[in-house]
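A.B. asks: Residues per chain are reported as follows:
2 protein chains.
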Amino acid sequence: MVTSWEMRQSCYFPCTLCLTNMSRIADCNAVLKALQPIFQEQGMTETVHNWEDHGYLVTYIKKNGSFANLRIHPHGLVLVDLQSYNDDMKGREEVDQLLNKVEERMKELFHGNIKRVKRLPAILRGGVIDRYWPTADGRLVEYDIDEVVYDEDSPFQNIKILHSKQFGNILILSGDVNLAESDLAYTQAIMGSGKEDYTGKEVLILGGGDGGSNIDQMVIDGCKKHMRKTCGDVLDNLKGECYQVLIEDCIPVLKRYAKEGRMFDYVINDLTAVPISTSPEEDSTWEFLRLILDLSMKVLKQDGKYFTQGNCINLTDALTLYEEQLSRLYCPVEFSKETVCVPSYMELWVFYTIWKKQTGI
Amino acid sequence: MVTSWEMRQSCYFPCTLCLTNMSRIADCNAVLKALQPIFQEQGMTETVHNWEDHGYLVTYIKKNGSFANLRIHPHGLVLVDLQSYNDDMKGREEVDQLLNKVEERMKELFHGNIKRVKRLPAILRGGVIDRYWPTADGRLVEYDIDEVVYDEDSPFQNIKILHSKQFGNILILSGDVNLAESDLAYTQAIMGSGKEDYTGKEVLILGGGDGGSNIDQMVIDGCKKHMRKTCGDVLDNLKGECYQVLIEDCIPVLKRYAKEGRMFDYVINDLTAVPISTSPEEDSTWEFLRLILDLSMKVLKQDGKYFTQGNCINLTDALTLYEEQLSRLYCPVEFSKETVCVPSYMELWVFYTIWKKQTGI
Numbered sequence: 001m002v003t004s005w006e007m008r009q010s011c012y013f014p015c016t017l018c019l020t021n022m023s024r025i026a027d028c029n030a031v032l033k034a035l036q037p038i039f040q041e042q043g044m045t046e047t048v049h050n051w052e053d054h055g056y057l058v059t060y061i062k063k064n065g066s067f068a069n070l071r072i073h074p075h076g077l078v079l080v081d082l083q084s085y086n087d088d089m090k091g092r093e094e095v096d097q098l099l100n101k102v103e104e105r106m107k108e109l110f111h112g113n114i115k116r117v118k119r120l121p122a123i124l125r126g127g128v129i130d131r132y133w134p135t136a137d138g139r140l141v142e143y144d145i146d147e148v149v150y151d152e153d154s155p156f157q158n159i160k161i162l163h164s165k166q167f168g169n170i171l172i173l174s175g176d177v178n179l180a181e182s183d184l185a186y187t188q189a190i191m192g193s194g195k196e197d198y199t200g201k202e203v204l205i206l207g208g209g210d211g212g213s214n215i216d217q218m219v220i221d222g223c224k225k226h227m228r229k230t231c232g233d234v235l236d237n238l239k240g241e242c243y244q245v246l247i248e249d250c251i252p253v254l255k256r257y258a259k260e261g262r263m264f265d266y267v268i269n270d271l272t273a274v275p276i277s278t279s280p281e282e283d284s285t286w287e288f289l290r291l292i293l294d295l296s297m298k299v300l301k302q303d304g305k306y307f308t309q310g311n312c313i314n315l316t317d318a319l320t321l322y323e324e325q326l327s328r329l330y331c332p333v334e335f336s337k338e339t340v341c342v343p344s345y346m347e348l349w350v351f352y353t354i355w356k357k358q359t360g361i
Numbered sequence: 001m002v003t004s005w006e007m008r009q010s011c012y013f014p015c016t017l018c019l020t021n022m023s024r025i026a027d028c029n030a031v032l033k034a035l036q037p038i039f040q041e042q043g044m045t046e047t048v049h050n051w052e053d054h055g056y057l058v059t060y061i062k063k064n065g066s067f068a069n070l071r072i073h074p075h076g077l078v079l080v081d082l083q084s085y086n087d088d089m090k091g092r093e094e095v096d097q098l099l100n101k102v103e104e105r106m107k108e109l110f111h112g113n114i115k116r117v118k119r120l121p122a123i124l125r126g127g128v129i130d131r132y133w134p135t136a137d138g139r140l141v142e143y144d145i146d147e148v149v150y151d152e153d154s155p156f157q158n159i160k161i162l163h164s165k166q167f168g169n170i171l172i173l174s175g176d177v178n179l180a181e182s183d184l185a186y187t188q189a190i191m192g193s194g195k196e197d198y199t200g201k202e203v204l205i206l207g208g209g210d211g212g213s214n215i216d217q218m219v220i221d222g223c224k225k226h227m228r229k230t231c232g233d234v235l236d237n238l239k240g241e242c243y244q245v246l247i248e249d250c251i252p253v254l255k256r257y258a259k260e261g262r263m264f265d266y267v268i269n270d271l272t273a274v275p276i277s278t279s280p281e282e283d284s285t286w287e288f289l290r291l292i293l294d295l296s297m298k299v300l301k302q303d304g305k306y307f308t309q310g311n312c313i314n315l316t317d318a319l320t321l322y323e324e325q326l327s328r329l330y331c332p333v334e335f336s337k338e339t340v341c342v343p344s345y346m347e348l349w350v351f352y353t354i355w356k357k358q359t360g361i
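Read top to bottom, the protein sequences are chains A and B. One point on numbering: in our numbering, the residue at position 204 of the first sequence is 204, and numbering is uninterrupted. One point on numbering: in our numbering, the residue at position 325 of the second sequence is 325, and numbering is uninterrupted.
Here chain A stands alone, though its shape is the one from the complex:
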């Protein structure tokens, strides 16, 4: 059994230098010549590719498996990318020293006339811990993950619970950050931001990824054990004095309630974010979403409120499409929305309040 890849990881260090006007020095050759000795001093062997009109790619290879790419673009962009295996502090210091030398040499060559120098933190790949969980709007963000608490495949999805130093345990379903222990703001927002008095009220919660009622039993099992700051002891017993958790498909339940005429003061839909797809006609998720909305309205009292999450504020097209769906329900509704900062999301999130339009007498 070879599992050693799990103990090691690849470290990629990106460094960018933007020059104000490279044509002044006539060609990329000067950069190549100036930087060559720095890599050669490291005992690296060189392979040069010259595109002529697209500049140079120089690959420097070290005996220990590390390598560097030096990409010189003729319009004044110089990229130095280092990749090594088995990250350790010594390796990082070496990388810093090497990049310091590159920067120094370039400043000498261009008499300080460098528009921008930027080094990005190392990107770590292939280790036990994956720290990169892109936002809903597709941005690269690195989390301070220091432990894999739970990692299982259910028949429906991959379920991860990862520990973040600052956010506590984070539930990640098929790569999407769902909720962290730090995210009380999410729960507050989807419950109406503290403006509601729930005393004696009938509340129907659909979903509840935070260790609430999800159709995937394994999510519940994982959350019950590892997301207790979020779900408390609610999931230990699926029935309490004033609540009951049903682990079922919510559609038949909603249909049954509608048929029985059971009505709620609040319906809280925490099933899924608004689909990112912008073609509602083609995507059955939108139909599912409208079905849920229609059924929810059927079991919502005339003066009741429906709370749900939308999506990240940057996905304006998806949010607009969602709002269009609201005009296509069986009964007329009105809505308001609120933008909330959910700590572990690293992006602002939109929440909706929907209610039945009151018809004048």
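Think of the hints as simulated: they come from the structure by calculation, not from any bench. You may find that some hints are simply not true.
Identical chains blur together in the list; that is why a pair holds if it fits in one copy or across any two.
[Said to hold, decoys possible] Computed cross-link-like contacts, EDC-like style, restricted to lysine to aspartate or glutamate with a CA-CA straight-line distance of at most 16 Å: (1) Lys63 to Asp53; (2) Lys33 to Glu104; (3) Lys165 to Glu147; (4) Lys115 to Asp153; (5) Lys115 to Glu152; (6) Lys225 to Asp151; (7) Lys356 to Glu334; (8) Lys224 to Glu152; (9) Lys305 to Asp294; (10) Lys356 to Asp303.
Starting from the known structure of chain A, arrange chain B on it as the hints suggest.
C.D. replies: Positioned in the frame of chain A, the structure of chain B alone reads:
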């Protein structure tokens, strides 16, 4: 004048494949052979480096200046990194298609036995807009920057105001995210989180990077124009009915107030975050910080409060050192701290309330 680099950028696409047990197929050669045709179909020319004990690095070069690195580690980590210039949607689709093929071929080869496949969003470098502003604890985060609003060097620092789609304008001083228009939470926290009644009180604010009183006139000029959601019209006139903005070194001002016996109900220190350095004896920043604290305590009423930011919650060493400084002031003080989610920071931030210890009679 060559300025075309400003209109183009380099796009780096990182893709990771982790295999459960690569030794089963005896060597990395099979991976190399399986993936070769995919790159060759793209008209890419191949350069192979074989480390023997450290696996392969294969560089594939395309005529248009793009290239790919295929790094095969013998313990089962395969990295495919693509780098191209002149990002466009067509380029991205091509990259996706190529990576799909790689993934497919690898799954065939290992009969689906691949532990993890991960593609990260492209890293864009060298363009007009720099979207990467690492957190205080050194994590790589990408912002949704879509415009450079202001970018100037003052005698003290580089001052940038960048527009984020979700956070509004963000003030970035020498690479550190200072405050965005979304960050009311910061201002509220450093003012005591809404628990104070400022009516008729004397308040001394030191610093105020959010377009408040910074010694760097250029920061004020930039903020006055571009951070109005944060600073309102306060900076248009440095003197108002109930406030005065002094653009001076705060040390002599504090000394003068102390000498005059001028006392304040509140001192709000927004000068700088707690230094990240862990060697307070060597770093003059700590001395500066203690000097400010001592002088502030001298002008603070016996029942007054001192508010200040700490740093990100993950920098526990720096925060502990800061708290140790508090026991070294001329008068005994007590403190409490609060952790706040400042939207544009993408990390939790610690704020302190400090007060003079009430001595019993």
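A.B. asks: Decide, hint by hint, whether the structure agrees.
C.D. replies: Status of the hints after comparison with the structure:
1. Only between protomers do Lys63 and Asp53 lie at most 16 Å apart by alpha-carbon distance; the minimum there is 10 Å, versus 32 Å within a single protomer.
2. With identical chains, the CA atoms of Lys33 and Glu104 are at most 16 Å apart within one copy only, with a shortest distance of 14 Å there and 41 Å across copies.
3. Taking the shortest Cα distances, Lys165 and Glu147 sit within 16 Å of each other inside one copy (9 Å), while across copies they are farther apart (32 Å).
4. For the homomeric pair Lys115 and Asp153, the shortest alpha-carbon distance between copies (12 Å) is at most 16 Å, but the shortest distance inside one copy (48 Å) is not.
5. When the C-alpha separation of Lys115 and Glu152 is checked against a cutoff of 16 Å, the pair qualifies only between copies, where the shortest distance is 12 Å, while the shortest distance within a copy is 48 Å.
6. Taking identical chains as interchangeable, the C-alpha atoms of Lys225 and Asp151 lie at most 16 Å apart only when both belong to the same chain, with a minimum of 13 Å there against 49 Å between chains.
7. For the homomeric pair Lys356 and Glu334, the shortest alpha-carbon distance inside one copy (6 Å) is at most 16 Å, but the shortest distance between copies (53 Å) is not.
8. Taking the shortest Cα distances, Lys224 and Glu152 sit within 16 Å of each other inside one copy (15 Å), while across copies they are farther apart (52 Å).
9. Only within a single protomer do Lys305 and Asp294 lie at most 16 Å apart by alpha-carbon distance; the minimum there is 14 Å, versus 53 Å between protomers.
10. For a Cα distance limit of 16 Å, the shortest separation of Lys356 from Asp303 inside one copy, 7 Å, qualifies, whereas the shortest one across copies, 52 Å, does not.
Of the hints listed earlier, there is not a single one the structure fails to meet.
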